[in-house]
Structure formats: C-alpha cells, structure tokens
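K.L.:
Residue-level listing of the chains:
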Amino acid sequence: MVKRITIVDYGVGNLRSVANAFAAVGAETQVCGTAAEIARAEALVLPGVGAFGEAMRRLHVRGLREALDERALGAKVPVLGLCLGMQLFATKSFEHGEHAGLGWIPGEVLPLERQHVGWNDVGAETFYFVHGFHFVPADPRHVVATADFDGPVTAIVQKDHIRGMQFHPEKSQRAGLALLKAFAC
Amino acid sequence: MLKKRLIPVLLLKEGMLVRSERFTEHQVIGTPLHEVKRFNEWNVDELIYLDITRTGTYDLRRDDHGVQDMKDPLAILDAISATCFMPLTFGGRLTSVEQMRAVLSRGADKVTLNSQAVRTPALITEAARAFGSQAIVASIDVKDGHVFIDGGKTRTDHGAVAWAKQVEALGAGEILLQSIDRDGTAEGYDLELISAVAASVRIPVIACSGVGRYEDYPKGIAAGASAVAAANIWHFKEMADRGGKRAMKKAGVDVRVI
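Sequence lines, in order, name chains A and B. Residues 1293 to 1477 (my numbering) make up the first sequence, in order. Residues 151 to 408 (my numbering) make up the second sequence, in order.
Next comes chain A alone, as it looks inside the complex (with noise of 0.2 Å):
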C-alpha cells in the first residue's frame, strides 16, 4: 500500500526535484504548507536545502511547529527528512550562531572541516550529498550508515519511525529512488 507522502513547504529547498522523485516511483504527493494539512498527513518528508536557523524560524512563523511535533510524535507517522530536513531533527545546531532544532533525535550539528559535495559511497551504494554541517546524534545506535569524508559523516540516521538521510535521494539515480520508494510503501 503506497502512502500518501505529504512533502512539508517551509519556504526554503527545491520541493519540485523531491515532489518529482516521488512521482517517478509511483507516489502521491501533496506539497503542503499549513499546520492544518500537516494534522492530515499520513507521511510527513522535509526536503531542506538552505540554513539551519532560517529553517527553524519559518517553522515557528507559519505556526507549522506543533502541527508537525503533534503529527510525528504523537500519532507517530512515518517521518522521513532529507539533508538539511534531517539535521532539522538534532537538539541543536552550530550553522550560523547556534539554534535549537526540533529535538527529534538528540545530537547536534557540527560544520565539516570542507563542504562536502559530489558522489560518495554509503555502504554498497553511492549517493549525492551537498552540505558543509553534519548530523552527529549522541547515540551512536541512531546513526544506521555513514560516508567516508576527511573521516565519518552521518549520512543516514533512524529513530523509530523518524528516518533521515542526509544525502540527496531525489539526485541519487536509481539507487535513491530506491530508497524514496521503500519510504512510500
């Protein structure tokens, strides 16, 4: 049974390369920005590209916050957040001054050394990242794989229901859509 994947609109990120992806693996989506529709939603995605505290900012604006808390943590849907979506999850951020993150997966977001751009392995497949902070949870067991960059860098992390890549499936080729699939079933 393939769920109805509603991709959150927070004002930052390419929602239409995400939206797309899902749409070649036989998804529905709904792109959607009010708490509202987010109260609906059967799967939650936040696609993210851009900074950290803008993010979190848009979030409290547009009131979409406890919409979104209440969703993932109190009925539990399937969430799943894609780069700066993911790092969105931590306690706590050092982009750009320090801001705190929805506390999803405690951890914190550290600025890599160098932005970390192009094709990497991540087990026995390769995907595209761009990002210059990374994800580090404070329990290891939350971090389910990692890409070789100048050392570690959390590339996957899961908590229960809560799923983040910090890679870009919907420009991983195949292999990505592979993995939007498996969240849409």
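None of these hints come from the bench; they were simulated from the model. Watch out, some of these pointers could steer you wrong.
[To be verified] Using 20 Å as the maximum straight-line C-alpha spacing, the simulated SDA-like pairs for lysine to any residue come out as follows: (1) 293(B) - 342(B); (2) 153(B) - 1406(A); (3) 1368(A) - 1331(A); (4) 187(B) - 1317(A); (5) 153(B) - 1368(A); (6) 1473(A) - 1370(A); (7) 315(B) - 1406(A); (8) 153(B) - 1473(A); (9) 153(B) - 1440(A); (10) 187(B) - 1316(A); (11) 399(B) - 362(B); (12) 153(B) - 1438(A); (13) 187(B) - 1437(A); (14) 153(B) - 1370(A); (15) 399(B) - 1368(A); (16) 187(B) - 1331(A); (17) 153(B) - 1442(A); (18) 387(B) - 153(B); (19) 153(B) - 1466(A).
Dock chain B against the given chain A, drawing on the hints supplied.
P.N.:
Below, chain B alone, put in the same frame as chain A:
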C-alpha cells in the same frame, strides 16, 4: 571519498539540441524533449545543459518541429527536471540573480556563468551569497591561453589561470573549463590547460572539449580535473556512459560505476 564524475554536456540552440565544432559550427541533432528521457535514464553522474543561443534570437518559433514553447528555456528546463534524478546544471545567457533563481526553482541544482561574469564579476559573489557556492559554476572558454566570451567571439584580457583564480576568490564553487580550439575535434583534452588551471585553484575543475575516445577521460582526471565532461561523444556512441566509466575504472580512477 568523492567519486570522479563523468558528465554529458548538452547544447541547446534556439530550442534544439545541437553538436558544436570550434564554437562556430552547430548542427541540429534533435529536440531536447525527444532526447531528455534517454539522457535521464542513462543513470549518469550529472547533466549539464548549456543554452548557446545568441541573445535575442530566441523568439524563433519552432512550429516546424512541432515542439511548443521551445522559445522558452524555462519550459525546456521543466521538461528536463521532471525526469531528471541527478544533479542538473543549467547555464547560458544568465545575467541576473533573478534569472538564476528562476532556473534553480525549476529543478536545476547549479547554474553556469560565463560572459556576464566577465562583464560583472560581482555577479558571481552575489549569486554565491544567494544560493551558495556549490550552486555556482564558472564556465571558462579558452583559446591560446586567453579567456573568450560571447560564445567564443570576444577575446578578453584575462589569462585562463588568472581568471580561474579570480572566479574562485569571487565565490564560484566549480569551474567548467572549455577549450575553443579543441571543441568538436575529438583530438583529446587540452591537458596543459587543465593541468595549469586545476593546479591553481582548490575548487573542482570540470574538463571539457576535445574528447574523441573514452581513454581521453582518465587523462583529464590525471591532469587534475575532478570531473570529465564531453558533448558530441554522447550523441554518436552507444552506451557512452558505460564505455566512459569502464575506461576510467581501468585507468584506476575511482568512479561511481553503473
């Protein structure tokens, strides 16, 4: 660590896909819409589309080819991005941050800047601030060591290496390096040029122009390029991706094998 990339470059002129020789001869080889699905399905590392239409000629109606809205590069981009699940670079004739924003919002991940960056170098910085350096590719066309703009028609005072350093300092995240004399010749990359530019900057250099055989790719990497690109070979050889990757792998290059 990061894979070395192999990238097809697709040239668009007045809404049609063309092949190019020495930046002057352009032969129409199809419509982008007919080809886009095939390119997207190749499972390649990345795609670069360059719109090489001369400014002002895009009003041409392409009704003779039965393709609608081809005068609008954004409409082409919409069609490309609908089935493109890899990093997508789109460039050509971009002169403002607003135009770049439009292109990036249509599914492109990066834009290239070329002539306008030479005319207004601050545009690179402005664009990097707005979208991040990773989204800004400086496209540099070189002939006899000098940077040329306007599709190879106008010689500038910039030397290739000096301009490469400057675009890096201005905030470009990558350099797409083309050799006008090698374009379409199949004589192989200008390895001296690649080596000189790659040694002078820290940002990735994408080598382009001159590929005639798959074995040219690893030579570009050995000269210092982080990615190797080509245009014509993708149109005239079957399984161009697999062949290219095999040649790179055989030469010991760490590639994303498909």
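K.L.:
Could you run down the list of hints and mark each one as holding or not?
P.N.:
Results of checking the hints against the structure:
1. 293(B) - 342(B): Holds, at about 12 Å.
2. 153(B) - 1406(A): 16 Å, holds
3. 1368(A) - 1331(A): 12 Å, holds
4. 187(B) - 1317(A): Between residue 187(B) and residue 1317(A) the Cα gap is close to 15 Å, so the pair holds against 20 Å.
5. 153(B) - 1368(A): 37 Å, violated
6. 1473(A) - 1370(A): Holds, at about 13 Å.
7. 315(B) - 1406(A): This hinted pair holds, its Cα atoms lying about 18 Å apart.
8. 153(B) - 1473(A): It is violated: about 25 Å lies between the C-alpha atoms, which goes past 20 Å.
9. 153(B) - 1440(A): Given pair residue 153(B), residue 1440(A) holds - Cα atoms ~11 Å apart, limit 20 Å.
10. 187(B) - 1316(A): 12 Å, holds
11. 399(B) - 362(B): Holds, at roughly 18 Å.
12. 153(B) - 1438(A): 16 Å, holds
13. 187(B) - 1437(A): Not satisfied, since the Cα-Cα distance of roughly 32 Å exceeds 20 Å.
14. 153(B) - 1370(A): Answer violated: residue 153(B) to residue 1370(A) is near 32 Å, above 20 Å.
15. 399(B) - 1368(A): With Cα atoms ~45 Å apart, residue 399(B) and residue 1368(A) exceed 20 Å; violated.
16. 187(B) - 1331(A): 37 Å, violated
17. 153(B) - 1442(A): 14 Å, holds
18. 387(B) - 153(B): 24 Å, violated
19. 153(B) - 1466(A): 17 Å, holds
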